[in-house]
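Which chain is which? The protein sequence lines are A and B, in order.
Positions 1 to 338 (the working numbering) are the ones given, in order, by the first sequence.
Positions 339 to 1024 (the working numbering) are the ones given, in order, by the second sequence.
A few of these clues could be false.
Covered stretches of chain B, as calculated for chain A (at least 3 residues, CB under 8 angstroms) [said to hold, decoys possible]: (1) 385-398; (2) 445-454; (3) 863-875.
Sample of chain A residues at the chain B side, in silico, Cβ under 8 angstroms [as the list claims (entries may be wrong)]: (4) Y55; (5) L62; (6) M64; (7) A76; (8) T80; (9) L82; (10) I86; (11) E132; (12) P180; (13) G182; (14) W273; (15) L293; (16) N296; (17) Q300; (18) T315.
These aren't lab readings, by the way, just hints derived from the structure by calculation.
Don't be surprised by glycine CBs; every beta carbon is placed ideally from N, CA and C.
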Amino acid sequence: MRPRELKRHGSARASGRGRLREDFIRWVTRRHRADGRRAVIGRDRVYILPTRQGYMLLAILLVMLLGAINYSNNMAFLLTFLVVGIGHNAMWYTHRNLLGLEVTALPVAPVFAGTAPLLRLRLEERSARPREAVLLSADGAASRPAFLEPRAATEVAVALEPRPRGVYRLPRQRLSTRYPLGLLEAWTWLTLEHEILVYPVPAPLDGLALTGEECDGEQTENTGGSDATPDGIREYRPGDPPNRIAWKAVARSGQLFVRDTGSGNAAPLWLDWEGVPAADPETRLSALCHGVLEANAEGQPYGLRLPGSRIGPDTGPDHLARCLRALALFGQPGDPAG
Amino acid sequence: MTAAATTARSRPEVLPGLWLLLAALPVAALPHAWEQPPWVIAVLAAALLWRLIIHTGHRRLPSRWVLVPMVFAAGALTFSHFGTVSGQQAGTALLLVMVALKLLEIRSERDVVVTLFLAYFIVVTTYFFNQSILIAAYSLLSAWLITAALIQVHGGRPLPFRRLARSSALMLVHALPIMLILFLVFPRIPGPIWGSATEETVGQTGLSDRLEPGDIAQLLENEATAMRVRFDGPVPPPSLQYWRAQVMTDFDGRGWRTDRDRPEVPEPAAGAGDIAYTVTLEPTRARYLPVLDFPAALPPQARLRDNLQVVQRRRIDSRIQYTASARLDAPPALPLADGERARALMLPENTGARSRIQAGLWRAMHGEDERAIVNAALELFAGEPFRYTLRPPRLQGDRTDHFLFETQAGYCEHYASAFAVLMRAAGIPARVITGYQGGQWMDTGDYLRLRQADAHAWTEVWLEDAGWVRVDPTAAIAPERIETGLGGLFGDDVDAPAFLRRSGLPWTVEWRLRLSDWHELATFRWESLVLAFDPERQRELFARFGLDATDWRGILTALGVSFGGLGLAAGLIAVARRPGDTRDPAQRALDRVSRRLRRHGLGREPHETAAEYAARVSVARPDLADALEDLVRVYAHLRYAELSAAKRSDYEEQLLRAVREVRPGTAFSAHKKRRGPAPASAPVPR
């Protein structure tokens, strides 16, 4: 199965009218080139239709026209046609408010399952025209209106629906505007690419075996700091995480100290799939996720062992990201380990 | 009530565009203050004030329990005041009060928008009462404010007023061509579709169908325009410009009444010396058409009666324009039937006893010489202490005798009436004609403007050898009145209305008069160009382009051609004003190279600097390394070095050369296959 089809969140739930709508949009947009990270909104992909307010004005204009005809009132004709002209030109204004905009997808910060990922697009305007009230919507949610001064850039963000653990493509994005008169809505569908990484929900689990000894020959190379003090406090070195600063010691001495968790002394911690006392794979992943976060907070070197993959013990944000990513991807199609 | 509704009720937020709406609405409704009963305006003002207090004083919106009864009350009030809720006057009043109440229940953006749409409607209803050019200019102001408010509603943030003002004004300007095209091309249907086109909104203006000495003197104070005339050829001398409106044969001792139901006679054949002219006539609420004596060719809707009065079938309730011609010297030769002769000789019993004696005297002196009798009467007016004045003493008892022998001071209708009575008493058939005479030539407008004050009355007498002959007794007593109009007569009279005097006026009055002249000119243009456009003019306009305005194909062709032309013009303007590529030349060059290489799978990624990009490509394509090195060097200079203008253009030339040198060729055309739904730059993790 191609990942593209599977990774569209929510498409499985689309039913009835929703599905029809999806099919229709796919049919309309079939001629669009796939967008990469960046797209420029061209004429061929801006759609425009009257809004309810547009139809309302149309009705009022009809009444005005009938009045003008009935009373042969030339000035009534003039004003009616003036407003008709304004309404007609609104097509152009609204269309123009979207046209030529450069849109770039920004990376989506990974989230834990149950939390809403934030889709962010960067809008950029190269010409001397300001843009008003452009909305981004995705997953049925809409952003606040965005504005662009001439030759400027801005960001629009919309909170997506929370997703289960896994990795996803961005849902289809819709940029729309009703500016200036609200009579018409111009919109475009974008398929900008970025991945959304959803980690398992961290959940503590009693009896999670954190094995420090069992290791298959690969010892950690991490030698502890030589300037470690006996009570587990050493001087601050650039790069030490702020959450390990020993504030009490700092207050006493006026110098920066960090708690030394003795990473060099302690044996690396192994978070092992097999060591989780639960049958449900998601529960296991949640527990492992919790363990990873705990170990990271402690500053202790840790490794992660999953069926078919293994990440050697280490510390630091990159290591954390790698481990969480492995947890997110575990068992997913496209996961090399799965 | 839901929780949301409760909070909306307790403290309404200031919706976007609401303040502008509260400003635009009174502006749009202001012209109605002169036309609508005071309570309507009061309701609107109160609602505006209420809404303001709600926001400034953090009050609550009135609940439905208050609003719904108010809506019914407003409807009932309108009905009780007008006896109806439809039609121009009542419908407008209803619209105004309902919009006022709508103000009190605006809770959402949608409500603001609806109210703004209704504000456009309020502007249109203004025209039921007033179509002057001032109102036209004023409604542009209203439309501009309403449109600005609409923009603010959809702006999504508080926009600076300057931008709102500019955008709104631009929208109006952009809409003007479309307005013009639709105005000219949209098919016009004559007459009302339903109901009556007009209602009695103003009293009778202009000439009445009854003439009693004293009537026209009231009109003299009226400086409103009665009609405007443009001559298509030579202009007749002022002494021959008699605009004939109504013919009055029946005299009841006090006054004269317009003839009714006279038989129609055929329109005289056109002659060589006819004076052709076009009249724009203000609504008279009567059926007569003033025509220059004596009528020749007539507009199609007009009928000529045997007393040479011209009428049309429909009452003139709105401004009309018509073209006609006149034969100045020769009235159509029509016989005088016996019945008619008797009617034109009839004097009620017991009237004009002394006048009859005077007439009998003349008859005895001159015998059958009727011209001599006419001249004797005119000499009487010219000689004795007869005065021509705007403010004659009131007449009592027998009007004619009292005027002729006691007061001896009067205005045109006094003289015309007395003269006709004298003629009848002498046995000469006579009748009174009312109409306009004189007028003011508008310098640059090259047209004649006749005010209500130019109303005039004169007589016609039947001479056996000549038929009906015009005799103007006013010309005998006050020849200036006929030669130079009222201004010539009253130019030095301090009692006369200011607009008739020429000297000794304070500068404020002089300026007012000058302004009113400008206004009059603008009004004439407005009326003859815009307001007079009707199905007939539309047909003429279409015919000029060989199209048929009554055929849908003609209309479609006109629409297609004009909108096609408009679109073409707009497109050309857009192309001419399209800003060039605004990026700097160095950036443009890099983009060009990137585009060229993208076909080979080597496009620049957004995060890559020029140098990084060149390095990456050089690895993949060593053959391009030298060219890219040059490019990057020049690029860096252009972008980051301080350069003199000369140096800069030098580098720009080098840059173009460098770009040309990057020739990836077609050797790697197999790379084209890389272009797929998922480009290499955004891999999906596998």
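Results of checking the hints against the structure:
1. 385-398: violated (count 0)
2. 445-454: It holds, with 3 qualifying residues against the three required.
3. 863-875: n = 4 at 8 angstroms, threshold three: holds.
4. Y55: violated (11 angstroms)
5. L62: Hint violated; L62(A) Cβ to chain B Cβ min 11 angstroms, cut 8 angstroms.
6. M64: At 5 angstroms from the nearest chain B Cβ, M64(A) passes the 8 angstroms test, so the hint holds.
7. A76: Holds, about 5 angstroms.
8. T80: Given a least distance of 7 angstroms, the restraint on T80(A) holds.
9. L82: holds (4 angstroms)
10. I86: holds (4 angstroms)
11. E132: Holds. Min distance 6 angstroms.
12. P180: At about 5 angstroms, which falls below the 8 angstroms cut-off, the nearest Cβ of chain B leaves the hint on P180(A) intact, so it holds.
13. G182: holds (4 angstroms)
14. W273: The hint is violated - W273(A) has no Cβ within 8 angstroms of chain B, the shortest such distance being about 20 angstroms.
15. L293: Violated - the Cβ of L293(A) stays beyond 8 angstroms from chain B, reaching only about 22 angstroms at its closest.
16. N296: At 22 angstroms from the nearest chain B Cβ, N296(A) fails the 8 angstroms test, so the hint is violated.
17. Q300: Interface hint status for Q300(A): violated (28 angstroms vs cutoff 8 angstroms).
18. T315: Since the shortest Cβ distance to chain B is 24 angstroms, the answer is violated.
Violated hints, in rising order: 1, 4, 5, 14, 15, 16, 17 and 18; the structure is consistent with all others.
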